[in-house]
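Chemist: Given next are the chains, with one letter for each unit.
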Amino acid sequence: MAADSPAAGASPSAGKPEPMVIEAPVAVTATDEGNILAAPLRAVASVPVEDTRFEFDSSFLLPDATRSLERVAPLHQRFAFAPVTLFGHADRVGDETYNKKLSGRRVRSVYATLVRKTDIWEELYQNPLGADNWQGRPVQYMLELLGHDPGPIDGAIGDKTKKAVKEFQTASGLPATGNLNPSTRQALFAAYMDAICTGSDGQPFKLAPADFLGHGQDPDGKADYQGCSEFNPIFVPSKQQEKDFSAPSRKNQRDYANAPNRRVTLFFIDPASEVVVGDWPCPKATEGTAGCHKRFWSDGDNRLKPADLPRRQRETHDTYACRFYERLALTAEPGELDAVRPGEVRARWSKLEVKPVHNSTFPPATPPTDAIPEDCKVELLVDTQGVADGTAARIEILNAQSGAGVSEGALDNLEVRGDKVVAPDTGERPQWTFEAKQGPWEEWDKPLFYMVAHVGDSQGESPHDLGTEEDLLRVCPVLVTISDAIADTPAGGGLTTRDEMYEIGDIEKSDPARGIYSIPFNQANVPTALWGSVIRNSYAYHQTSHGDVRCRIDGAQFKPNAAGNAPTVCPNDASHTGRSVLFIGDTPIGDAETSDVTAVPSVPRYLVYINTCVAGWEPSFANAFLARGTRNVIAFQMYIPDDDAREMARQFYRKWTQVFRCDPEKIPEVFYSVSPPFVGSMKPVLFGDGAAGAGADGADVADALGALA
Amino acid sequence: MPEQRKVQPGEHLTGIAEELGLPDTKTILSKSADSLSKRPHPEMLNPGETLTVPDLEPLKFTLATGKRHKLTIQRPKAKLRVTFDTFQGKATAATDAEVTPEGKPAEKQSLDSGKLEMKIAPACAQALVKVKSPDDKRPDVHWRLKLGFLVRSESDEGALARLRNLGYYRAVARDADPRERRAAIEEFQFDQGLTLSGTLDDDTKKKIEEIYGC
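Protein sequence lines, in the order shown, are assigned to chains A and B. The numbers in our numbering rise by one with no breaks, and the one at position 81 of the first sequence is 81. The numbers in our numbering rise by one with no breaks, and the one at position 144 of the second sequence is 144.
Since the hints were made in silico from the structure, they are not lab data. Among the clues, some could well be false.
Okay, the calculated beta carbon distance ranges per label pair [claimed, not checked]:
| hint | chain 1 | residue 1 | chain 2 | residue 2 | range |
| --- | --- | --- | --- | --- | --- |
| 1 | B | 191 | A | 194 | 41 to 47 Å |
| 2 | A | 361 | B | 197 | 39 to 45 Å |
| 3 | B | 197 | A | 350 | 33 to 39 Å |
| 4 | A | 437 | B | 191 | 54 to 60 Å |
| 5 | A | 456 | B | 4 | 56 to 62 Å |
| 6 | B | 191 | A | 412 | 37 to 43 Å |
| 7 | B | 191 | A | 299 | 14 to 20 Å |
| 8 | A | 456 | B | 119 | 55 to 61 Å |
| 9 | A | 302 | B | 19 | 53 to 59 Å |
| 10 | B | 50 | A | 276 | 43 to 49 Å |
| 11 | A | 299 | B | 100 | 42 to 48 Å |
| 12 | B | 49 | A | 302 | 38 to 44 Å |
| 13 | B | 113 | A | 98 | 42 to 48 Å |
No experiment lies behind these values; they were computed from the predicted model shown. Just so it is clear, CB atoms sit at the ideal spot from N, CA and C, and this is done for glycine as well.
Just chain B, same shape as in the assembly (with noise of 0.2 Å):
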């Protein structure tokens, strides 16, 4: 019988299908009686939603005895892509950046026009990103990168916090801030220009995810 699983806060579908042992997502978004694949970002999961984790079929090798072999087992790899802007959507300045993924060393990264893409373990759901000033005026900006927790970009609270990463409005705590969230939803709206509303219409959240890149 097929599991039904509910997906936790932090819960990615690569993340899940390392935990489950497989080689990569395409088992389950195959197998999945859900409309998983139809989605165009089949990656993000909500807390709260059913997965159907389908029934697996043990891996059958015929094998010759008498032999030595090497069994490779694939595993899914896992991205962190990031692009770091400044809140008018230009690329920053700033050309170096310090990865230290939880339970890791640090490790240097330089950005091409803001741009980072680097491998990380699917389990992974914090990471550290020391993103440094070229300007000595200017302070570095610390990212605490909580992995897989943005939600998927249909409800408010995923399109605000896109927002919120793209720099139209300010911290956590402020988002019950009528005031600044009309005006980071009416900025956004202005800039790709769509009709000003400010209210998360369907239009202005297909934009969000497009110009976010999920």
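Only chain A is shown next, with the shape it has when bound in the complex (with noise of 0.2 Å):
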């Protein structure tokens, strides 16, 4: 039966957009029945900006946000006749108005960028609200991109940012006072724009304001873009969850559960959707909340209240209080697939992003079990028509990039039964996981895989238009960050290592695609293998907790040398030797542990940040994890004050995972970059490539490697 057009909107060719087909069964009268035709609202795709894309509690949008708004490009070119409309979403922290302004706020960020209006983010700018202050770290940020490093992005505007500002000046043309003064913040926002919003041509991109659905004629925006404040979260926590965040210790913990609540939603409305601005039921980003309350669903409140299990809207579509909203995003999400036609051979995945594979659940089970989670596991979903059961089949998988086959990446001895490719043993489809050896998969250089699957003489290839991203299947990078949580005391008593980790994770996490898992382990002992499991094909590792130096001989830990601040000497034997460990609960964790290829199958790819004490006192644990393929290792050699080690932590990720998008070649960089300030207190060491007087101003730092040994 024929439905609604699927190409309305779309506009092969220049001129008016292709019509909209729909079919209606109407009355026919002889008096006076009368019939009403509407065509329907509809989206006709949608982009997320994820919460991750924005400064933590924030309004300012991260260098990141690239990643986000160079998928506009490509639908705003298909969909040319579709208006844009956008929608700011703020988490449940906070009373709902305040949440109404932060989500107008970010929704109003992600606007003036998309149409490059400057006058938007100085109102940001000059207004801040709460925590959202652009005149700190956002000024920092901007800096950094374009090129003029500002020193640590903590907000204090020191000599260093004045300096980058005064290069900035420079290169603008302007007045080169080291001022950020009404013309420099200008010229710096335009810049910024220009720099992360671009097509995937890496160009600069803009949407003009009229290919918004108010199109441009409100200046507060109505129907272009508004904020849902905390009304349509895609994630409700569990009670349980939400009586355990309510802790003041558990803030990090919370705010990193609840962000993928806080985002910006992107909207392509079907052209034939014939939308009376005035009429648009969204209240304005800069109005209160009661239009939104007026469309909640009947059961609205109910809906964004906790309830026994934590609820997610994509599998139990019932986070959204908003009727309104929920309607326009259903109608975004992709339809049904149309029938394979004889001789066609179909290769689709199951789905669209996948984990490496990791031994064990997470949390992970103790002892740690082989069997692989559904979360590493992709189907691959090869349909034909006509053709006879028993047909032979073969499926490569390649990658986008290059076009390469990946390493052991293909599955033959496939056959076809019922018109779909399965294997012959279980006679259910072919399932595929990822490891190391099929990396790498580079954050920035976006490990996307196709397939090519053959049936008999024909073949057909998966979606790999690498313009649209559509329909690739994405390798999500795993980055783990662990706590010895027996470790933690009440936040500013010492060390408070799982919020330590939470906070980390969340700065990681400036792209919802990688996988971060924060594992807070409880047990007094742990074995080897269940750290081996976890760490297992990650890309990077961090951990929180105790760091020693224990003898090789007997076990015993290092007596401090005479200034207190590095362990030298065995308290049983000076002529022992010693080795450098983390702590896991009792479990010390070193060189030999980690050479152990059964209990740990592969090591992180890229990164161990070791943000314990001393753990970088002597290199063996460090050349463990590099002899075996890591990258870079990060490590101290002091006993560490705990206010400092979060610090440079905090700066490091900023700068690593937020700028530089986890590129592995910037490690050396960003560590000589940041942990200058903290040489005296602690000795931050980097192992691997690019240490050992790679940098400038901390050369010594690396240098010292082995000096107190």
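Once you've looked at the hints, go ahead and assemble the two chains, each given alone in its own frame, into the complex.
Modeler: Spelled out as structure tokens, the structure:
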């Protein structure tokens, strides 16, 4: 049966858009029966700009927003006539009026970027709201991305930041005063917007106000953009989680769990949907929440309340309180596929994001099991039409960038049954999992894959248009943070390792496609295999806990030297040698454990950051990682003050994950840029590529390696 | 003996009257053993319902011989009445349409506040109405109308079809999505000031019939 035409709004050629075709049953009359016909409201596509593209608790768009914004250009080209409308969302922390304002600020921030209205950013800059203050870190992020090093991204506008401002002013033809005056801000905002809002060709991309649903007519953006306050979360925690999160010491954990809810969503509206702007139901970004409540589902208030189980919109379809938003959002979901034609071999992935293999579920099972969790498996859906059962089939997996097959990435000896390609032993669709050897999964280089299916003499490929990235499989780089949770003490009272772990996880999660596993270990004894199952196939690993130096002969804890800042001597025999370890519970983990290829099937690929005392005291631990292929290890030679340890980690991850998108080549640069203030208190050490004198002002940090041993 | 006739999809009273050679629907309405005449919209029939067609007596004429007589046979007249709106319940900005009834040439029609009213052959089962967008950035909408296929509003199917025609939700193929259906019902209830229930209760169906026009 004919339905709405699938291509409505599309415009392959110039001129008027293709007509929308709607089939409708109507009444015929001899007297007065009438009919009313209206084209429905629907979206043809949507782009999420996730929370993690924003600086934490702020409306400032991080450099990484590029990855969301670059998806807009191809859709705008494909649906040239489809007007755009933006929805901002906040999480449930704080009251709804504040959240309405915050979601409004976020959506204005994105709108301003898309249309290059620097005056909106200026207004956000001039008027901080709570923690949403553009006058500190945002300025440093902008300078950093534009190639002017502002020093640590800490919100303090010091000499180094002023020097960067001067550099920017000179480069922009402005008087080099070092003051961030209005004309400098305007130029900075404009340059930064051009840098983060690009098409897939990397060139600046922008929309016109007339491309929006309200045509840019209303100064406050009626129908162009709006804030949904906290009313349309995509995740609602369970009652128990809500209770757990309510403790002040769990603030970071709560914020981490709520991250998906803080976002901006961009919808392309079908141009056949005739919208009368004045009747658009959403209040403006600057208005209160009354208009939102009117559009709630009849059970809208309940939808926002925690229930016995955590709920996700994608699975339970019951977390949006606003009926109107849900109505619009569900029209943007992908529809059913057309039937496969005779002779056609159609190949698709069962999902578009997959994690590389980890041995265990998260949180990890004790002992770890061999079962591969669901998030690591992807089914290869290959369909045919009219092909005889038993016909031989083969599937190859290829990297979409290079077109090269991945190592050991072929499934042979498959066959057709019931017009599906199946594995003969199970009769089910074949499954695939990614291991380290099938990498690399470089973040900045988009680890995207497609497949080629050979069935008899025919073949079919899954889509691999890099312009749209639609239907490509992405292998999500997994970043692991581990804390020794039994070493936890309340915030402000020494180590708060779990809290730190969640904070780092939150910073790392600047790309939502990254798999971030933050694992608090509560056991006194952790089998090496359990640790190994957690770090297997990971991209980077951050550890927060105790570290130590232990005797290789008798396992005793080394005593500090006279200065009290490093352990040097075995208490039992001064001739014994020691080794650097980190601690999870009572378990020391060092070189021997890292080298155990059975318990630790693979080590983190690019970075191990051991944020503990003295685990960088001598190089055996780091070398064990390097020997197995980890690119860099960061550790410390001294007993480290908690505040310094946390601050350097924050500084490191803000730059490495948010500005440089986890580019491993940038690890030394970022290390040497953030570590100098901490040399005196912690002696940070970088092992691996680019270490030992490679960076100018931090050279002594790496050169000190071994000097204390 | 009166004939029992099972209504087929797409049939309506005027069409049946024509098929039976009647001048209009009055004979069926007045002589039907059913309670057709008590219905607010007796034109509309549901497929599968049974209609009692009364016995028809032949018309008798007494005419003088040796003269010419002109006999005019009255046939039922059917109309298509449609208002084209926005999904927000306002008249469309479009002013021009082109209507192609099945088997007939296209004819231009102008829309006054979105209203289209035209005669149609009672047996005509399909018509294509192209509503021209006055704005080059917006597409035309091509309505493939299935005449007489709208069922009565007492059924969920009939009520939902009206909500869909009113623009509250999308394609036929999507009728199965319970979220979209519930959103459509609650949006309608909200727009009409009814209690939000998300279900097609009698008040809601009655209101849908009233707003839709049959």
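Chemist: State for each hint whether it applies.
Modeler: Here is what the structure says about each hint:
| no. | hint | result |
| --- | --- | --- |
| 1 | B:191 - A:194: 41 to 47 Å | holds, 43 Å |
| 2 | A:361 - B:197: 39 to 45 Å | holds, 41 Å |
| 3 | B:197 - A:350: 33 to 39 Å | holds, 37 Å |
| 4 | A:437 - B:191: 54 to 60 Å | holds, 59 Å |
| 5 | A:456 - B:4: 56 to 62 Å | holds, 57 Å |
| 6 | B:191 - A:412: 37 to 43 Å | violated, 59 Å |
| 7 | B:191 - A:299: 14 to 20 Å | holds, 19 Å |
| 8 | A:456 - B:119: 55 to 61 Å | holds, 58 Å |
| 9 | A:302 - B:19: 53 to 59 Å | holds, 54 Å |
| 10 | B:50 - A:276: 43 to 49 Å | holds, 45 Å |
| 11 | A:299 - B:100: 42 to 48 Å | holds, 46 Å |
| 12 | B:49 - A:302: 38 to 44 Å | holds, 41 Å |
| 13 | B:113 - A:98: 42 to 48 Å | holds, 44 Å |
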